[in-house]
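K.L.:
Listed below are the residues making up each chain.
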Amino acid sequence: MSKSENIVISVKNLSKSYGELDVLKKIDMDIYEGQVVTIIGPSGSGKSTFLRCLNYLETLTDGEISIFGNTLVGPKESKQAAKDNEKVAKEIRKNVGMVFQQFNLWPHKTVLENVIEGPVQIKKVKKEEAIKKAEELLEKVGMKEKAGALPTQLSGGQQQRVAIARALAMEPKAILFDEPTSALDPEFVNEVLNVMKELAKEGMTMIVVTHEMGFAAEVSDRVCFMDGGYVLEDGTPDEVFKNPKTDRAKQFFSKILNV
Amino acid sequence: MGTVEVIFQYMPLLLKGLRYTILVSIEAIIIALCIGMLLTVVRMGGNSLPSRIVKTIANVYISFVRGTPVLVQIYIIYQALAVIGPNLSSFTSGVIALSLNSGGFMAEIMRGGITAIPKGQIEAGYAIGMSKRQIWTRIILPQVFRVVMPQLTSEFINVIKVSPMLSVVAVVELTRTAQRLVNSTYITIPFYITIAIIYFIVCALLEELVKWQKRRMLAK
Ligand SMILES: Nc1ncnc2c1ncn2[C@@H]1O[C@H](COP(=O)(O)OP(=O)(O)OP(=O)(O)O)[C@@H](O)[C@H]1O
Ligand SMILES: [Mg+2]
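So the protein lines, in turn, are chains A and B.
Heads up, the first sequence is in this note's numbering, so the first residue is 1 and it goes up one at a time.
Heads up, the second sequence is in this note's numbering, so the first residue is 1 and it goes up one at a time.
Note that these hints are calculated values from the structure, not bench results.
Hints are supplied without guarantee of correctness; some may be wrong.
What the hints assert, rightly or not - Derived pair list, reagent style DSSO-like, types lysine-lysine, alpha-carbon separation capped at 30 Å: (1) 119(B) / 144(A); (2) 144(A) / 214(B); (3) 214(B) / 146(A); (4) 132(B) / 123(A); (5) 79(A) / 132(B); (6) 146(A) / 55(B); (7) 119(B) / 109(A); (8) 83(A) / 119(B); (9) 119(B) / 140(A); (10) 119(B) / 127(A); (11) 132(B) / 124(A); (12) 127(A) / 132(B); (13) 55(B) / 124(A); (14) 211(B) / 109(A); (15) 90(A) / 55(B); (16) 132(B) / 94(A); (17) 83(A) / 211(B); (18) 55(B) / 87(A); (19) 12(A) / 211(B); (20) 133(A) / 55(B); (21) 119(B) / 87(A); (22) 214(B) / 109(A); (23) 123(A) / 119(B); (24) 79(A) / 119(B); (25) 55(B) / 83(A); (26) 132(B) / 173(A); (27) 119(B) / 197(A); (28) 126(A) / 132(B); (29) 211(B) / 133(A); (30) 12(A) / 119(B); (31) 109(A) / 161(B); (32) 132(A) / 211(B); (33) 132(B) / 87(A); (34) 214(B) / 127(A).
Please take these sequences and the hints and turn them into a complete structure.
P.N.:
Dropping the structure here:
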């Protein structure tokens with residue numbers, strides 16, 4: 001199941017609640033270097049929340065998350081402890097990129113400016129250098145011609161490819177994808193999946209929340225099925241798709257296969 | 001002498017009044033922008049007890065400004081200033097009254113502009129490791145002004161249109177000048193129409209100026 005013995009992301013006993021609503025319930029998950037993990041499950045099962053806890057876009061209610069040696073701890077009641085988590089989050093975000101369902105490009109910046117923003121402002125890379133690197137990345141995702149365009153002038157698929165380039169520009173060791181193709185018209189889904197496949201081939205550690213079962217089956221090393229805040233299935237695509245252990249997963253698969 | 005000649009004869013006086021209208025408005029707009037920004041920053045502050053207290057004060061202030069007549073506000077400020085700083089000129093008091101009023105409206109406009117920025121853009125900033133400060137300077141503020149410029153322009157124009165009310169506290173701006181001329185010449189409607197045209201031209205010019213500035217910004 002693992003490409004390497006190196007655990008790079010380790011989630012222990014992670015819980016997340018919004019007030020009375022328990023969204024994640026004591027999740028444990030170790031992810032190895034270079035692994036491509038897809039997370040599937042019905043709407044509201046906590047998939048996005050799980051990803052967002054990993055880079056601290058959400059605080060943790062309980063448990064621990066270690067990513068490349070930086071550890072977030074919950075719960076955080078004291079001010080100092082929350083500050084510590086903020087600091088750790090900064091380190092984690094240097095190593096972990098994120099790609100969103102809605103792309104979230106900055107509309108007042110051109111494609112190129114979106115991509116160099118992180119390297120120049122956060123990593124303090126020289127602008128010329130950042131531009132050179134950005135052009136390579138845009139070439140890689142097939143968007144070099146559009147370097148000077150504004151995000152609003154692009155299709156969804158194009159915007160998402162730029163968003164991936166923007167994440168890559170920070171030279172992350174892992175990337176989180178939250179339904180990267182769900183907001184796209186069907187004809188644009190593949191161009192984005194292809195870029196992701198390419199990354200997977202290059203050995204990027206990836207956690208991908210998706211409804212694209214084909215991608216999950218073909219590209220991922222590991223599939224996790226979430227429901228009601230639990231990870232109910234966790235195994236290779238074959239194990240999970242062909243022999244799901246839980247009724248919930250069976251139901252879910254029969255439903256989506258019937259669509 | 002015909003009416004038109006009389007009006008032209010007094011044009012220099014009217015233009016002097018106009019000068020005060022413009023001065024009072026420009027100063028009020030600039031100060032109001034600062035007040036608006038200050039209030040906005042305060043209202044976006046954190047959840048600590050001190051921040052919550054100033055936030056509440058800011059909110060009460062803005063509700064008061066938006067929920068009471070300008071004229072009443074002008075009377076209150078004018079009287080209050082007469083106690084605090086008896087040496088202030090009526091011009092200065094007028095500027096202060098207008099800025100305090102318009103600042104509240106501008107704060108509301110600016111907050112609207114900030115909340116109009118999709119949360120996802122801000123999260124994308126955090127996700128690449130931006131600090132709060134960078135989120136503000138790199139993502140929010142550059143967009144806010146673009147978003148709120150049309151509404152802010154209306155508010156600028158509003159300041160000009162409210163400025164005649166300062167005549168009640170003896171600022172001799174355009175409308176007050178016209179009133180005096182009406183009293184001495186007994187020519188009424190022509191004078192009022194004349195200043196209406198002058199106000200209209202000033203507001204139209206301001207609008208064009210903002211549009212031109214916006215085009216220049218976009219071209220960059
Ligand atoms: N900020 C929030 N405040 C309160 N409840 C929230 C918040 N964010 C998410 N939730 C709730 O948490 C639950 C899990 O949400 P989450 O977005 O993680 O689900 P998901 O598995 O990603 O679903 P989808 O497939 O629809 O994206 C949902 O019931 C949602 O309403
Ligand atoms: Mg989701």
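K.L.:
Evaluate each hint against the coordinates.
P.N.:
We went through each hint and held it up to the structure:
Restraint check for residue 119(B) and residue 144(A): the C-alpha separation of about 28 Å stays at or below 30 Å, so the hint holds. Taking the CA atoms of residue 144(A) and residue 214(B), the gap is about 29 Å. The hint holds against a cut of 30 Å. Only pairs whose Cα atoms come within 30 Å are accepted, and residue 214(B) paired with residue 146(A) is accepted, the gap being roughly 25 Å. For the hint pairing residue 132(B) with residue 123(A), the CA-to-CA distance comes to about 16 Å; that is within 30 Å, so the pair holds.
With a C-alpha separation of about 17 Å, the suggested pairing of residue 79(A) with residue 132(B) holds against the 30 Å cut-off. A hinted pair counts as satisfied when its Cα atoms are at most 30 Å apart, and residue 146(A) with residue 55(B) does not qualify at roughly 44 Å. Taken as a hint, the residue 119(B) and residue 109(A) pair is honoured in the structure, with Cα atoms around 17 Å apart against an allowance of 30 Å. About 22 Å separates the Cα atoms of residue 83(A) and residue 119(B), which keeps this hinted pair within 30 Å; it holds.
For the hint linking residue 119(B) to residue 140(A), the alpha-carbon distance of about 28 Å falls within 30 Å, and the restraint holds. Simply put, residue 119(B) and residue 127(A) have alpha-carbon atoms about 27 Å apart, close enough for the 30 Å limit, and the pair holds. Pair hint residue 132(B) plus residue 124(A) holds up; C-alpha atoms about 17 Å apart against a cutoff of 30 Å. In summary, the hint linking residue 127(A) to residue 132(B) is supported, as the alpha carbons are separated by about 22 Å, within the 30 Å threshold.
For a cut-off of 30 Å, the pair hint linking residue 55(B) to residue 124(A) is broken: about 35 Å separates their Cα positions. At most 30 Å may separate the alpha-carbon atoms for a hinted pair to count; residue 211(B) and residue 109(A) meet this at roughly 21 Å. Restraint check for residue 90(A) and residue 55(B): satisfied, since their Cα atoms lie roughly 28 Å apart, inside the 30 Å limit. Taking the CA atoms of residue 132(B) and residue 94(A), the gap is about 16 Å. The hint holds against a cut of 30 Å.
A C-alpha spacing of about 44 Å is found between residue 83(A) and residue 211(B), which places the hinted pair above 30 Å, so the restraint is violated. For a cut-off of 30 Å, the pair hint linking residue 55(B) to residue 87(A) stands: about 27 Å separates their Cα positions. Pair hint residue 12(A) plus residue 211(B) does not hold up; C-alpha atoms about 56 Å apart against a cutoff of 30 Å. Our distance criterion of 30 Å between C-alpha atoms is broken by residue 133(A) and residue 55(B), whose separation comes to about 44 Å.
Taking the CA atoms of residue 119(B) and residue 87(A), the gap is about 22 Å. The hint holds against a cut of 30 Å. This hinted pair checks out: residue 214(B) and residue 109(A) have alpha carbons roughly 16 Å apart, not beyond 30 Å. With a C-alpha separation of about 23 Å, the suggested pair residue 123(A) and residue 119(B) falls inside the 30 Å cut-off, and the hint holds. A distance of roughly 24 Å separates the Cα atoms of residue 79(A) and residue 119(B); the hinted pair therefore holds under the 30 Å criterion.
Between residue 55(B) and residue 83(A), the direct Cα distance comes to roughly 23 Å. Compliance with the 30 Å bound is thereby established for this hinted pair. Pair hint residue 132(B) plus residue 173(A) holds up; C-alpha atoms about 24 Å apart against a cutoff of 30 Å. For the given pair, residue 119(B) sits about 29 Å from residue 197(A) by alpha-carbon distance, which is consistent with the 30 Å threshold. As the CA atoms of residue 126(A) and residue 132(B) are separated by approximately 22 Å, the hinted pair is consistent with the 30 Å bound.
Note on residue 211(B) and residue 133(A): the hinted pairing is violated, with a Cα-Cα distance of about 37 Å set against a maximum of 30 Å. A hinted pair counts as satisfied when its Cα atoms are at most 30 Å apart, and residue 12(A) with residue 119(B) qualifies at roughly 29 Å. Among the hinted pairs, residue 109(A) with residue 161(B) is inconsistent with the structure: their alpha-carbon atoms are about 37 Å apart, more than 30 Å. Annotation: proposed proximity of residue 132(A) to residue 211(B) is violated, straight-line Cα distance about 36 Å (limit 30 Å).
Distance hint between residue 132(B) and residue 87(A) is fulfilled; the C-alpha atoms sit about 13 Å from each other, no more than 30 Å. Among the hinted pairs, residue 214(B) with residue 127(A) is consistent with the structure: their alpha-carbon atoms are about 27 Å apart, no more than 30 Å.
Checked against the numbered hints given earlier, this structure breaks hints 6, 13, 17, 19, 20, 29, 31, 32; the rest are met.
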